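So the protein sequences, as listed, match chains A and B.
Residues 1 to 253 in the numbering used here are what the first sequence lists, from first letter to last.
Residues 1 to 253 in the numbering used here are what the second sequence lists, from first letter to last.
Keep in mind the hints are simulated off the structure, nothing from the lab.
The model shown is predicted, which means the values in this text are computed figures rather than measured ones.
Glycine is no exception: its CB is placed at the ideal position from the N, C-alpha and C atoms.
Mixed in with the good hints, there may be bad ones.
What the hints assert, rightly or not - So the derived list for chain A, only partly shown, Cβ under 7 Å to chain B, looks like this: (1) Leu-149; (2) Ser-152; (3) Ile-176; (4) Arg-178; (5) Gln-218.
Letter by letter, the chains look like this.
2 protein chains.
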Amino acid sequence: MPPLILVTNDDGVHSPGIIALFKAMKEIGDAYMVAPDRERSAVGHALTLHRPLKVEELREKVFSVNGTPTDCVALAVHKILPAKPDLVASGINRGANLGDDITYSGTVSAAMEGTILNIPSFAISLVGEKPFHYETAAPFAIGVAEYILEKSLPYDTLLNVNVPNIQYHLIKGIKITRQGKRVYDNAIQEIYSPRGDKHYWIGGGSPFWEHGEDMDIQAVLDGYVSVTPVHLNLTNFEALEYLKKTWKGGAMQ
Amino acid sequence: MPPLILVTNDDGVHSPGIIALFKAMKEIGDAYMVAPDRERSAVGHALTLHRPLKVEELREKVFSVNGTPTDCVALAVHKILPAKPDLVASGINRGANLGDDITYSGTVSAAMEGTILNIPSFAISLVGEKPFHYETAAPFAIGVAEYILEKSLPYDTLLNVNVPNIQYHLIKGIKITRQGKRVYDNAIQEIYSPRGDKHYWIGGGSPFWEHGEDMDIQAVLDGYVSVTPVHLNLTNFEALEYLKKTWKGGAMQ
Numbered sequence: 001m002p003p004l005i006l007v008t009n010d011d012g013v014h015s016p017g018i019i020a021l022f023k024a025m026k027e028i029g030d031a032y033m034v035a036p037d038r039e040r041s042a043v044g045h046a047l048t049l050h051r052p053l054k055v056e057e058l059r060e061k062v063f064s065v066n067g068t069p070t071d072c073v074a075l076a077v078h079k080i081l082p083a084k085p086d087l088v089a090s091g092i093n094r095g096a097n098l099g100d101d102i103t104y105s106g107t108v109s110a111a112m113e114g115t116i117l118n119i120p121s122f123a124i125s126l127v128g129e130k131p132f133h134y135e136t137a138a139p140f141a142i143g144v145a146e147y148i149l150e151k152s153l154p155y156d157t158l159l160n161v162n163v164p165n166i167q168y169h170l171i172k173g174i175k176i177t178r179q180g181k182r183v184y185d186n187a188i189q190e191i192y193s194p195r196g197d198k199h200y201w202i203g204g205g206s207p208f209w210e211h212g213e214d215m216d217i218q219a220v221l222d223g224y225v226s227v228t229p230v231h232l233n234l235t236n237f238e239a240l241e242y243l244k245k246t247w248k249g250g251a252m253q
Numbered sequence: 001m002p003p004l005i006l007v008t009n010d011d012g013v014h015s016p017g018i019i020a021l022f023k024a025m026k027e028i029g030d031a032y033m034v035a036p037d038r039e040r041s042a043v044g045h046a047l048t049l050h051r052p053l054k055v056e057e058l059r060e061k062v063f064s065v066n067g068t069p070t071d072c073v074a075l076a077v078h079k080i081l082p083a084k085p086d087l088v089a090s091g092i093n094r095g096a097n098l099g100d101d102i103t104y105s106g107t108v109s110a111a112m113e114g115t116i117l118n119i120p121s122f123a124i125s126l127v128g129e130k131p132f133h134y135e136t137a138a139p140f141a142i143g144v145a146e147y148i149l150e151k152s153l154p155y156d157t158l159l160n161v162n163v164p165n166i167q168y169h170l171i172k173g174i175k176i177t178r179q180g181k182r183v184y185d186n187a188i189q190e191i192y193s194p195r196g197d198k199h200y201w202i203g204g205g206s207p208f209w210e211h212g213e214d215m216d217i218q219a220v221l222d223g224y225v226s227v228t229p230v231h232l233n234l235t236n237f238e239a240l241e242y243l244k245k246t247w248k249g250g251a252m253q
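Next comes chain A alone, as it looks inside the complex (with noise of 0.2 Å):
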């Protein structure tokens, strides 16, 4: 039987990202398609508690859900796929997935959900700016998504790819590597509404980004698709042995 494959993203169920990443996961399994209906960037790891949700099916296996990219996947697990699927894969997102936007990522966040349900899990993106070569990024989706169902992932973790931005002969290889840290300025606008009032508007600004042997980043920068294995864990160990020495005692240690 071919695999079952879930594919999501947080652009939303009509983005060319996914359509292209659906039609490659067709190549290789039985494919699902489980979207939100429309946009949903940066929204990080967010479920809808407090409202209920409605799935739409738009056509055979293609289902778009008024959600995140987390309900999606908490849907799709428990109430539409006919079985668990052996595979999460998200994206092929329109723009970068690296260093610590990943935490905001609802990309990354959907392929963190299918691992917390404990199923082998990857998220994709275009690292650049429009035109995106979504043909470019769909056979590495298609290598990542064998080398997962052939060896699966270790305990806890996720695949955070990210695909240079360019034609597809120009990509030099694939590397392994680390999260990469960005330095934020954090551009925020100032503009008034007709009425008069000020308001504010996070976006646009240049990041910096830390460069570093193995990074995220640098591996793209040099023209090679970056797979970086993201767990769940976030507990700093060596923090918490210098935590253990340092915190003050006292009645309450």
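Model the placement of chain B on the given structure of chain A, informed by the hints.
Leaving out everything else, chain B in the frame of chain A:
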């Protein structure tokens, strides 16, 4: 000069938890409250990019934002506070932020945003059900804040504090812990709209926790305050080596 402290949360600016935390932080510093205008639980690390945000000054040094906890921290640091704060304190959340659940948590995400902006940060939550003993958590918020202001924190790391929702004198002490692991059952209710459309509502269920030495949940169950150092680098370094070994070769390698 007293330390400048930003107080935020995800339960909203009017919640009793943030009022208790604000009062506690005012005892040790110059505290500002910048918090969502309404409850924003389970929003994850979400930044609002698709619309402008409105800031309202409700009282002296108390501001509401019609956005997420992450928005609040970004706006507070860049636009509202008189200088970069020395500390970000998020909470006191009504309900646990333990195990993998911290990736959904608005409370913890606010502390993540502080950390990304290079400000030592902590999140504090009460583990239990109503009625909430904010008066139990407040002294621990002060203790954690004093520790951080004196010793600072390791790079890229915040403290996630969970306090048992019991009377103060019943607390046995503080334990430095690692993030536990929840096994989800992800209850999803099927309900029908007045027009008879099927909807799904996520929530409820009884999660099962893996128990283990040093785990956050275990400390709380045993009557201790759990303090977990959480970092933003999600790379699974063990998996990184494993992947390098097991990744298939070929032209693209």
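Cut-off 7 Å, beta-carbon criterion: hint that Arg-178/A touches chain B: At about 4 Å, which falls below the 7 Å cut-off, the nearest Cβ of chain B leaves the hint on Arg-178/A intact, so it holds.
Chain B contact restraint for Gln-218/A - C-beta distance below 7 Å: violated, 14 Å
Hint status (Cβ of Ile-176/A to nearest Cβ of chain B, threshold 7 Å): Hint holds; Ile-176/A Cβ to chain B Cβ min 5 Å, cut 7 Å.
Minimum beta-carbon distance criterion (7 Å), Leu-149/A to chain B: Hint violated; Leu-149/A Cβ to chain B Cβ min 12 Å, cut 7 Å.
Status of the Ser-152/A interface restraint (C-beta, 7 Å, chain B): This interface hint is violated because 10 Å lies over the 7 Å limit.
In this structure, the earlier hints numbered 1, 2 and 5 are contradicted, and the remaining ones agree with it.
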